[in-house]
Structure formats: structure tokens, C-alpha cells
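**Q** Order-wise, the sequence lines are chains R and F.
Heads up: the first sequence begins at 488 in our numbering, then just goes up one per residue.
Heads up: the second sequence begins at 42 in our numbering, then just goes up one per residue.
Bear in mind the hints are in silico, worked out from the structure with no lab data behind them.
Treat the hints with care, as some may be off.
Label pairs and their computed distance ranges (CB to CB) [as the list claims (entries may be wrong)]:
no., chain 1, residue 1, chain 2, residue 2, range
1, F, 42, R, 560, 47 to 53 Å
2, F, 233, R, 761, 24 to 30 Å
3, F, 274, R, 1417, 49 to 55 Å
4, F, 204, R, 975, 52 to 58 Å
5, F, 63, R, 838, 52 to 58 Å
6, F, 208, R, 637, 41 to 47 Å
7, R, 652, F, 204, 45 to 51 Å
8, F, 278, R, 505, 48 to 54 Å
9, R, 907, F, 233, 57 to 63 Å
10, F, 214, R, 907, 52 to 58 Å
11, R, 1382, F, 214, 57 to 63 Å
12, R, 499, F, 233, 18 to 24 Å
13, F, 274, R, 761, 34 to 40 Å
14, F, 230, R, 975, 50 to 56 Å
Below, in silico cross-link-like pairs of lysine to any residue (SDA-like), each with a Cα-Cα straight-line distance of 25 Å or less [to be verified]:
no., chain 1, residue 1, chain 2, residue 2
15, R, 913, R, 1062
16, R, 751, R, 709
17, R, 609, F, 163
18, R, 502, F, 115
19, R, 531, F, 115
20, R, 963, F, 163
Pulled a few chain F residues facing chain R out of the computed Cβ check, cut under 10 Å [what the hints assert, rightly or not]:
no., residue
21, 69
22, 222
23, 295
Glycine residues also receive a C-beta, built at the ideal position from the N, C-alpha and C atoms.
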Amino acid sequence: MTNTIQILSIVKTGKESSLQKEHNNKSIKIIDGYFFSTNLDDQKFTKISKLISNDVSQTILTKKNVNKVLSSYSNFNWVVEIKFLPGVTDNIATTVKEIIKDNLKSSFKSFELGSTKIILIKGRKEDITKISKNEANPLIQTIKIYSFKKYLNNFKKNQFKIEKVKLPKKKYSKKEINLDISDHQLSLIGKLGIEENDKSRRGTLGLDLESLKAIRNYFSTIKRKPTDVEIETLAQTWSEHCKHKIFSAKIDDIQEGIFKKYIKGATEKIIQLRKDNFCVSLFTDNAGGIEFNKDWIICHKVETHNTPSALDPFGGAITGIVGVNRDCLGFGKGAKPIANTYAYYLADPNKNYRLYRQKNNKDPMLPANFIAKGIISGVRVGGNCSGIPTPQGNVYFDNRFAGKPLVFCGTVGIIPKKIKGKLSHKKKANPGDIILMAGGRVGKDGIHGATFSSEELDPNSPVSAVQIGDPITQKKMSDVIIRELRDENLYSSITDNGAGGLSSSIGEMAKESGGFIVNLEKIPLKYNGLYPWEIWVSESQERMTLAVPPKNVKKVIKRFNARGVEATIIGKFIKKEKAIVKYNKIEILNLDMEFLHEGYPKLNLKTSFPKIKKEKKKIIKKSSMIDKLLKLLSSPNIVSKEFIATQYDHEVQATSIIKPLQGEGRVFGNATAIKPLFNDEKSIALSQAAYPQYAETNPYDMAGCSIDTAYKNLIVSGANSKKIAILDNFCWCSSDEPDRLYQLKEAAKACYDYAVAYQTPFISGKDSMFNDFKGFDKTGKSVKISIPPTLLISSIGVVDKISHLTKITPDDGDILLVLGATRNELQDSVYSKTIGYEKSKNPVVNSKDALRTYKNFEKANKLRIINSAIGIDLGGLGIAITKMAIASKKGLTIDLKLKNKISVDQFLFSETQSRILVSLKKNKLAKFKKIFRTSDYTIIGKCTGSNVIEFKDNKKIIRSKISDFAKSYKQKIKGL
Amino acid sequence: MNVLVLSGYGINCENETLHSFEVVGFKGKIVHINDLIQNPKQLNNYQVFAIPGGFSYGDDTGSGNAMAKKIMTNLYDQLIDFSLKDRLIIGICNGCQILINLGLIPSLNKKDPEVAMIENKSGSYECRWVDIKVSNNKSPWLKNISIMNLPVAHQEGQFMIPINLLKSVKANNLIGLQYINHHKKLAKGQFPFNPNGSKDDIAALTNQNGNILAMMPHPERAFYHYHIPNWQNTTSKKFGDGYKIFMNAKKFFA
């Protein structure tokens, strides 16, 4: 009899080798453990272990062999046992349960099991403690460290235990909340949550005093007290995360708010000017949709998952990526996800910041390298397991992200324009339609996610807000929706369950019909003991909500079930504009839809011009130009991100046409392309840009640079300038402070100006307004770390022909040219940060000049005059030159004939925008000159095909081998 | 000529795999594993059985294991039957891992698997293009191919073969594909030419008959010319190297 199955690899695994390398070559062995809630007899033990192990590569530990087997590896003396806390998603355990259920038909009493990772080491206790810190997160896992002797004893005496979720059995009685209390008491409800009978608080609602007063007024007019569920629902629906109150607020003299005036305003203006069918569905749906070709629409959405990723980097990031996948599934009648994008803004992974959420070194922030590694793997597992390619992304490092990392996850989807003759992007839940919840079950995960992501990260940030995604459950659900339901028009509307869970998804969808009635007791739960309000607001993942006409319900449920996916009727949509929720027939929520969605008090914001913190002048160290180039190439924000590209499957779906690693020399590109349909040669080009480092100097110009770069990268890759759309993701800090709001307003204003100038509509966006950390440093001093204002612009464009797609590799004999003028704009550049800086200006985009360059480029590229091209961005022209050489493995000669009184350093490292480095065949120069007579360009050299890059000054020639540049560019990022 | 392409539980390359077969002339269908278990007789309508790549059951308990166990419990005899007829079976990436876990390769004599797929030596997921050579041209899948450039994308692509078995695998000429370096010589385990550390640079194995091929690289992702990295620099052909594998299947039945 035993209650555990433990399996280890016979040979050293890759994971064991890398752990060993990290920990001074100590002997390490990893055991996959499965702890059962019941004892297994010998027969069951044998059968189950055989099902979940491999005879050839693994050994199953038994009481008899455990001593002998383990001692054959080493004299281990310490052990760490890592398993998930009760209630945390355990995907491996789910699979094992399914394997047992599928293959052992004999009756097997219901049991629980948990997966465990057991690491054995020969070393000191400090060593195992260090390993546990690198391998586990105490927020979601229990970590037990004990001696090897105790481990053997546990093994022989069946001492391994799993903890189940044990919630007290509660009999539900309707809870009414008295709001006729003092302002102070009212604020406490908002900040700490509703008070339970035992005086404990549920956790933050994120409701301010004004909102609570609005709720009190509403209930006094309808002459009753609100229930707890009503207050929880209003908190979710009115959260900054869901309602974007800051973007919609009156701000200074802008009555309609910055979203309507600058973002939506830009798009409306563009649509008015363009008069074509490019924009299909904007701002209203889960993602924004544009026309791909005459039969297909593509949609794009980018989300952030910052706060969850700060608490549990892996869980936060995987949930981020599979969550935004669902935004595509919930676009129109359901778009198929065809590409993922990512952008991470992180602290230096090699630095130990030692930050704490509470005084006296309590409640530490996770180390920066743990956060970075966790985020990178979270998106890897989420994307790879879902079979969605992840070609496009970038990473940026800055100390100011030490308190909160930014994790942007995006997805592109595709859907036929018409489904059974009806427009696929239009959907409407009709009165009488059944509300069907499909996918995963509901647990305590993510309770209060929407309300806390709108708040700063402080000691009261609830840990139950963390979720871990389950990409396989979602993949099964997604396959049924896209392949077996959508094209038969079996449902009338569909949406994703994201922030706010059912309360948000049903609340939003019911706007289409009028209202809804939901019966909460019908909802399948992961475990018993959830309060109705918890069921209603839980953010358990992998669920979609569908509106299904009654005649189709049976069919729809049957199809889900046949693929191992649960689907449950949980209520219906009604015509009356009422939101009604019942629990075992007791009505616990009854609100007017109008109040639910529009009853929140509108903010009235004021801004003020911020004091600009002047950067201290650093002296430039005397070093050679080559040394400067090498230093810049190996700086973390320029160095190659190949290690991410190779772990993210960018080839699945067989659509990759411009890959993340470009040229034989594998340079990490700033745009990628996929060709989504086998029968159409059109491609989708993707890029993104953000310049948080420019924000404090001038937020308006910062936003201009982001739009220009995201747009330019697509033009350079070959996209049709008339078929480019952009997305805005604002990640701001302290958005209750007038100077931060000033920066926000300025950035939004630039969004309008540049989007209209470039004729690129915003099709979707999202904002996250409080990315601040309030806590303590190692000495107990209180600190506040705010991220620099970050505006990520994602761009998506259509490339009409394969022959329009460009490459970044020149050929022997090509002439090299810089398109666009270079100015002295070294302020906030990588050069000024890495090498030092002189008095300079910040990069400013002149959209008229830029557009002339882009238009000419597009024309020349279509005529195949351009042989290769690369956008110039971080690090300036010098970096673009070296990247071209590294990618092509071909030498270049650069002539430093400078114009406009610019120094060599300014010419090579200025981050002046709107420039492209191109190469042409000699015989195309005349044609080129004819096209480019309306825009600025400089011939700077040629491709020699040798193995060196050489720079010719008037007096001297400086050269260095391409392989030296490549070595710097491909250096490993320290700490990762 | 009909091909059945398996799907379900996290398999995810079925569309592009089916497309590749269709372009060379097959008629085909994507069939969910649950539907096949419900009605295994439908196998009779097909000449080729393809298990595409993906992440069945999220690779939990080892890549390909859970799906292999499901097939073993529910479809094993039918699949053996299929393989004994004049028909073809291919497993690509996760499909390869499933075939190996089923014990269908390299031998048919034993129901237990004799080879294991284990984690890459690097310890990380590897999505990259590799050069491979055909080491066994008696398999109909590999006839008249010498060298190919194909992508791999896997976390567990290392073939683990006990030494004695490796000897007989070699003696019986069952190594299908091997990773090679820039000089077209065997990679000798050197990364990144051999992306996972497989012994003898093995990238694919076949059964004795040659009609079953289990390969880690993805031919369906190198099907068209524009799939190949830096295709702009090569002379424009319509197809990439992966095409040849699918064409061979067609030729076998033609």
C-alpha cells in the first residue's frame, strides 16, 4: 500500500544539467511525484505507474528499491518538495486523472491527486534553500525542505500528503449591506472589502467614496438595501480595468475625455477621410477588426497582465497570453487565433533590488531574474501548447520596472467575413437565448482581479487574485467553437470570461438583448464551499460565454461534451433591461442595466505641467568608435533576443514567412510576417514599439516616436501603407497625480496627430493606469517605484504580394543609403545611457518628412529597386549598419562624409526617427534617385562582401571583423 | 488515395498537415480521436494515417505518453492491423513521440515501447531550422531524398535507445533521418546542428517495413519555398524540402 508514485529519469535530464550548472556542479536529481488522497494497493500502483511513466527512460521508485536507486546517483543529503497550494491550477494532475479515467475502466473510487516536484541535492542546506528560491514561488506553491533521511522515512511510511481545498460548509443566506454609515466606514468597504460576520474583510473592491455614495443613492431611491453580490458586481463593472474611467473622464477642458477625443476621435476622422472598407469593427468588440481580403477579416488585440505577473510571473504571463487568445475567440462570432505577440518591460535581471511589500523585510518582491524567467516561460508554454505561433515581440530593461514588470500579450485572429450569409463580426444575444458557459470550472482563482489590477501593488493586494492558465483545456474548447459550432451559426453571440468573470461577460453581452437572469447554483465548481458572490466574480480561466437559441442548445452541449469540454446552461437573456442573479431561487441581485453600466460617478481630472528632472551630464569616456559600437551592441536593450525566439514556436500553422531571426547571421528583427491563407499570397506584417525612456523628457514626442517606429517597421517589411492599423496600450503610473495626467494627455494628443497624419486607425486598445509599487527597501525605508509612462503601439498591416516582402541582408556590390535626415538627437538614447551624453535634443518626428520617405520607399520597393532594408531605431544608424552586416555575414564600407555639422557620434548613434537603412544594386541608382527626389537621403557606402566593417573618415580608416560585432550582439543577458 | 489526419486533446498541426497531403493529390479528413474510437472501422477508408505535431495533453507525464496510452487502450489492434497492410503511417513531432510511446517503432514484436523520447540536452524548447540527411532510403517515405532543410520545434526530441537495441536498429537500417552540420557531415551531437542531443544524431526512425515513419522535424512547415528562412536569397522554386516527403507518399500509391 502506498499513496505516492514517484518517477525519475534514468539519465541526467536537460533540466538537471542546467540546475547543476547554476549551482556549482552539485549532484542534483529531480523526481516527478504524484501524491494521492487514498492508498493504492499493489495492483493499482503498478497499473497507474505504468500509465504515467516510461519503462525505457524512467525508474519508478518503490519502498524496496528507493534506497538503492537513489544512492546509485549520489549521497544526497537535502530534499525540497514543491507542490501547488490547494486550489491552484495543477495541469499535470488533471492530465493524470484523465489518463487514469480513460484507461482504467475498473471502478476506482473518487480520489484527489496532486503533482509534486522533488529535488534532491548533495550539498548544504543553504544550497537547497537557494534552489527552492529559484524553482518555486511561495505565493502559489508549498515548499518543504528536509533531510534526505527524512525523505526516505516519509517514503517508507507513506508520509506524503496532499492538501485539498477545505472550505467550511456554508449555508447561504442572503447578505444585505448597510450603506447608511459614516464616510469613513464607507471608504473602508471600498478599500478593504465587505465585512464578514467574523469582522474579517473580503479584500479590496477598489471603489472610491464617490462611487459608494452613488450606490447608496441608487438603493435609497429603490427603497432597499443592496446585497453583497450587488456591491461586488458594481465594483467589478465599474473598475478602472473594465470602464476605463480615466480615459473617459472630463480632463481639463476636454469634456468628452481623451479616449473619445484623441483615440476614437482619430479613428473617426480617418474613416471619414478614407472612404473605404478597411475598418470593420472597432472598439466595440473584444478585439479590433480590419479587412484582410475580400473574404476574410483579421483582428488584433493586445492586453497587459502586469500585476498578476509581479506576483506570479509564470502564472501571470501564461494567463495573459491564453486570455488574449480568448479575446480573438470572442471577436465577432469567433476568430481563430493565428499569431501571438509579446513585449516585456523588465528590471535588470542581474540586479538584486530587495524590495518588500511590508516593513521589516517582510513580504518580499520576487527577484528580478525570477520575474523575467517566469514571464518568458509563461508565454512560451501558453503559446506553444495552444498551437499558435509567437513570432513577434521584444524585451526592454530599465530599473524603473523593478516594482512592477509590464507584460503585454497580443493575438491576431482571422475569421471569414460572412458565415452562412451573415456578417461574422456582428453578433447579438436575443431575448430568450440561453446563457451557456463552456470550458473550465469555477474556483476561487482570480477573485477580485479586475478591481485590484486597477490599484497600486501594496500589502493588501490579494493573493487569491493569481491564476494559472490551462492551455490544453482552452485548446479543446477553442477547436469546438471554431471548427464545429461557428460555421453552422449555432449561437447568436459569444464573449470571453476575462476580468470580472461572469459578472462582466454576461453584463456586457446582455446589453445586446436587454438584460439577463442567471442561476448561480448551476455553475460547475472546482470544489464546494464558494460563496455566490465568489462564483459570480471569479476569474477562473478558459471559459467562454455563449448566447444560444433554445433550439440549438442540446446540439451545442453535445458537441462540446464529445470533445471532453464541459458546457452548462446557467441562465437566459431577457428583453427587460434588468440584471437578475439568483442562487437556489433566492434573488441576490436585481439591478437596472443602465445603473449597472452607467451609474458610476464620472471623474473630473485636472492636469499640471510636470517638473522635468534634468539628467545629470555624464562625461563621455574616451574610447574608439569600434568600442562604442561593441558596447552598444551588447547593452541589454540592443543585444539579440534570439534565446526567446528559439523557445517560442513561430513556425506552427506553417504560416511564418518573415521570421523573427533574419539573415544567415540570425539578427532579431523588428517586424515579422505570416501568410495566413494557403490560397492567397497576402501576408500580415506585425510590429510594435514603445519608448518609455523618452517619456519624462517629452511625452508628446515619445508617443510620436512609438507610432512612427511601429508604422515604419511595417513599411520597411513591405506592407501596403493604406492597410496598416495600430493599437494603443497605455501603461501609466500614479494616474491620480496631475503631472502624470498631463503626460497622459500629451501622449494621447500625439496619438491623434500622428495617427491622422499617417492615416492609421486605432482599432483596439487598453490602459493600465497604476503601475506603481509602494513598499520598503532593505533598510525599512518606505519607497515608491513608478514605471516610466509606457505607450506600446502595436502595428498590423497587410502585405499584398510575396514579392513586396523585404530582407535585411544586402548583397555584394550593393550601395548603402540612409533614407531620412539625421539630426543631433542623442537625448535619452541608448548611447547617452551607455556611453555618456553631451547637450542634445530628444527625437522628434516630423510626420511630413517621414511620410515622404515612406511613400517613396513603398514605391521603390514595389518596383523592386530596394534590395534590402532595415529600420533605424535604438542605438541609431551605427547599430543598423552592424546588424545588416551580422545578418548577411557580408562586409560593409561606410563613408563618414558628414553633413549639417554633425559629429561622427551624432551621425552614428543619434536616434533620429523615420530613417531607413537600405541597399540597392548599382544599376538601380538612377531609378532610385528619380523616385527619391522629394525626400532626404544620403549615400553612405557599399557592401563589400569581405569579413569586416570599415568606417572611412577623411583622415583614417577604422575597421573590425563582423564576427567581433556578432559576438557582442549575441552576448548572453546577465541574470537570464 | 485518402489520408486520415488525427486531431484532439492538444494536437495542433492538423490543418497544415492535411493541406500538404491535399496539394500532392490526397483526399483527406481531420478526424478527432474520440470519433475514431467511436468508429474505428472508418480506418478502412484510408491509405495513410498521419499523427501531426502538437502538445497532446500538454506533454504532461512525458510528451506523447497520454495520447499513446489512450490509443493503446482503445485503438491498438486496429492500428496494428492498418500497419500490416500495404499502408503508410507517419508521426510528426508530437506524432513521432506518440508512435514511439506506442512501441510501433522500431519494432512490432513487443507491445512495450523500446525507445523513449526525452528532454533536449539544452533543457529548453528549440524552434529552429536544421539540416538532415536521409539514412535509409528503403522506406517509401524517404525514397530518392538525400538532404533536407526542415524546422524542428520541440522540448523532448532526444531519442533514447538502449545500446543493444541501437545496434540492431542500425543493423536493420531503421534510422530514417540524421542531423548534419554545415559541411553535410553528421552533427556528432554538436548543438545547434543536432538540436536535442539525440544519440547518433537521430531525427527519425522507421519500422522494419519502412511504412511507418516517426520524425521529429516538420516537413509540413517546409512545404512551400517561402517557408524556408531567407527564401529571398534562393532561386524561386515553388516548394520546400518538406514537399518531397508528401510526394513520396503519393508515389507509393500511384
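**Q** Is the distance from the Cβ of residue 1382 (chain R) to the Cβ of residue 214 (chain F) consistent with 57 to 63 Å?
**A** 59 Å, holds
**Q** Do residue 907 (chain R) and residue 233 (chain F) keep their Cβ atoms within the hinted range of 57 to 63 Å?
**A** 48 Å, violated
**Q** Could you tell me whether the CB distance from residue 230 (chain F) to residue 975 (chain R) stays inside 50 to 56 Å?
**A** 51 Å, holds
**Q** Grab the minimum C-beta distance from residue 295 (chain F) to chain R and call the hint holds if it beats 10 Å, violated otherwise.
**A** Given a least distance of 23 Å, the restraint on residue 295 (chain F) is violated.
**Q** When you take the CB atoms of residue 233 (chain F) and residue 761 (chain R), is the distance between them in 24 to 30 Å?
**A** Distance hint for residue 233 (chain F), residue 761 (chain R) is violated at roughly 46 Å.
**Q** Holds or violated: residue 963 (chain R) and residue 163 (chain F), Cα atoms, limit 25 Å.
**A** 30 Å, violated
**Q** Could you see if the CB distance from residue 42 (chain F) to residue 560 (chain R) stays within 47 to 53 Å?
**A** With Cβ atoms ~51 Å apart, the hint holds.
**Q** Please check whether residue 204 (chain F) and residue 975 (chain R) have a Cβ separation lying inside 52 to 58 Å.
**A** 55 Å, holds
**Q** Does the beta carbon distance between residue 274 (chain F) and residue 761 (chain R) stay inside 34 to 40 Å, or does it fall outside?
**A** 37 Å, holds
**Q** Please verify that hint: residue 222 (chain F), Cβ, nearest Cβ of chain R, below 10 Å or not.
**A** With Cβ-Cβ at 15 Å, over 10 Å, it is violated.
**Q** Per the hint of 41 to 47 Å, is the separation of the Cβ atoms of residue 208 (chain F) and residue 637 (chain R) within bounds?
**A** 44 Å, holds
**Q** Could you grab the alpha-carbon distance between residue 502 (chain R) and residue 115 (chain F) and see if it respects the 25 Å cut-off?
**A** Cα-Cα ~33 Å, so violated.
Checked against the numbered hints listed earlier, the structure breaks hints 2, 3, 8, 9, 16, 18, 20, 21, 22, 23; every other hint is satisfied.
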